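*Asks:* As numbered in full-length UniProt numbering, the sequence shown has no gaps in its residue numbers, which increase by one up to the final residue, 359.
There may be inaccurate statements among the hints.
[Stated by the list, open to error] Estimated spans, in silico, between C-beta atoms of each pair:
no.: 1; residue 1: Gly255; residue 2: Trp124; range: 27 to 37 angstroms
no.: 2; residue 1: Ile176; residue 2: Ser134; range: 17 to 27 angstroms
no.: 3; residue 1: Thr282; residue 2: Leu32; range: 41 to 51 angstroms
no.: 4; residue 1: Ile104; residue 2: Ala317; range: 24 to 34 angstroms
no.: 5; residue 1: Leu38; residue 2: Phe251; range: 42 to 52 angstroms
no.: 6; residue 1: Thr282; residue 2: Asn125; range: 51 to 61 angstroms
By construction, these hints were calculated from the structure, which means they are not laboratory data. Remember, predicted model here, so these are calculated numbers, not experimental data. Where is the CB? At the ideal position from N, CA and C, for every residue including glycine.
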Amino acid sequence: MTAGTRSTSAAAALEVKGRIDRALAEFLDDRLGELSRLDDASAFELLRPYVLSGGKRIRPMLCYWGWRGAGGADRDEAVRAAAALELFHSFALIHDDIMDGSDIRRGRPAMHRRLAALHEESGWNGDPDAFGVSAAMLFGDLLLVWADELLYTSGVDPARLRAARPVYDRMRAEAICGQYLDVAETAKGVPSVARSMRVVRYKAARYTVEHPLVLGGVMAGGGGRLLAAYSAFGRPLGEAFQLRDDLLGVFGDPGVTGKSNLDDLREGKPTVLMAYAVEHATLAQRALINRLHGAADLDESAARDLRKVLDETGAHAAVEDMIEVRGRHALTALRAAPLTEDAGQALTALTDAALWRHS
Numbered sequence: 001m002t003a004g005t006r007s008t009s010a011a012a013a014l015e016v017k018g019r020i021d022r023a024l025a026e027f028l029d030d031r032l033g034e035l036s037r038l039d040d041a042s043a044f045e046l047l048r049p050y051v052l053s054g055g056k057r058i059r060p061m062l063c064y065w066g067w068r069g070a071g072g073a074d075r076d077e078a079v080r081a082a083a084a085l086e087l088f089h090s091f092a093l094i095h096d097d098i099m100d101g102s103d104i105r106r107g108r109p110a111m112h113r114r115l116a117a118l119h120e121e122s123g124w125n126g127d128p129d130a131f132g133v134s135a136a137m138l139f140g141d142l143l144l145v146w147a148d149e150l151l152y153t154s155g156v157d158p159a160r161l162r163a164a165r166p167v168y169d170r171m172r173a174e175a176i177c178g179q180y181l182d183v184a185e186t187a188k189g190v191p192s193v194a195r196s197m198r199v200v201r202y203k204a205a206r207y208t209v210e211h212p213l214v215l216g217g218v219m220a221g222g223g224g225r226l227l228a229a230y231s232a233f234g235r236p237l238g239e240a241f242q243l244r245d246d247l248l249g250v251f252g253d254p255g256v257t258g259k260s261n262l263d264d265l266r267e268g269k270p271t272v273l274m275a276y277a278v279e280h281a282t283l284a285q286r287a288l289i290n291r292l293h294g295a296a297d298l299d300e301s302a303a304r305d306l307r308k309v310l311d312e313t314g315a316h317a318a319v320e321d322m323i324e325v326r327g328r329h330a331l332t333a334l335r336a337a338p339l340t341e342d343a344g345q346a347l348t349a350l351t352d353a354a355l356w357r358h359s
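Could you put the whole structure together from the sequences, leaning on the hints where they help?
*Replies:* Set out below in structure tokens:
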């Protein structure tokens, strides 16, 4: 891809992202306007900045370009349907932060922390933290409902929506099952690369790339050859995306990523990164991992010790290699895909951004 093509593709991506944001804002304003009739409904206003502030919109953009790659016209209904995936993603983030005990999301307090602060500032009865968790779970559930509503009222042809329903249902089910696998693997406490990769595939990889692409393709009437190409491209790219996320969760700059680089270590996340380190550690290194990984009071000094082990065991380099290999496989599949030229350029640019991102 030439410099001029990259510039054009980047501009197209920004334009689509802006349209997705406008569709989300319009939908949220309508729904929050309806809720304003309820007594003491001001807390729901927290949902607007939570959804709209920050975020890469990777899933809705992939859905949109999946539509365009199948020959779908540049239409507002495609943007609205794609935007529904961001509401589903916001639901998943709210619940994920509760389960992980994360205080920060996109550089701002997580939803359960915002609601706990509202409780405390309002002088209400009971435990602010318990209120924050309970209310945030409900807010996440509301976004899940709204995601369905936005998709099914997007204006996409009803027959095409019916054809896409199994893809949408499978995406949601796999993401939720993958989250359970993540919780279960954390509880088991002894990660393996094979089991950690299973979590990657179910929790994030297919939900982040493959399913959004296929969903857009089906809604535009794409044929079996194109949808198979989307899967061949989306699976390795989705895995690479999550592997990069795991690296950023430990080695990333919180000022850039918008989240702590201690949370995954404190929680004892069973990432491929940590599983590789465990499988290649010396007895002394494994003892250090067992002592520090999953320690709720882990501080920056202890985190540096763990990061050193991740480097010394080759885990850091191995995961970088896994990302590079999967990126090559994704781009090879993309170049062979029977899709429109503008979609190919946009998806190539999104691939580069996903592989080498810093946030």
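*Asks:* Next step is simple, just say for each hint if it's right about the structure.
*Replies:* Evaluated hints:
no. : hint                                : verdict
1   : Gly255 / Trp124: 27 to 37 angstroms : holds (33 angstroms)
2   : Ile176 / Ser134: 17 to 27 angstroms : holds (19 angstroms)
3   : Thr282 / Leu32: 41 to 51 angstroms  : violated (56 angstroms)
4   : Ile104 / Ala317: 24 to 34 angstroms : holds (28 angstroms)
5   : Leu38 / Phe251: 42 to 52 angstroms  : holds (44 angstroms)
6   : Thr282 / Asn125: 51 to 61 angstroms : holds (54 angstroms)
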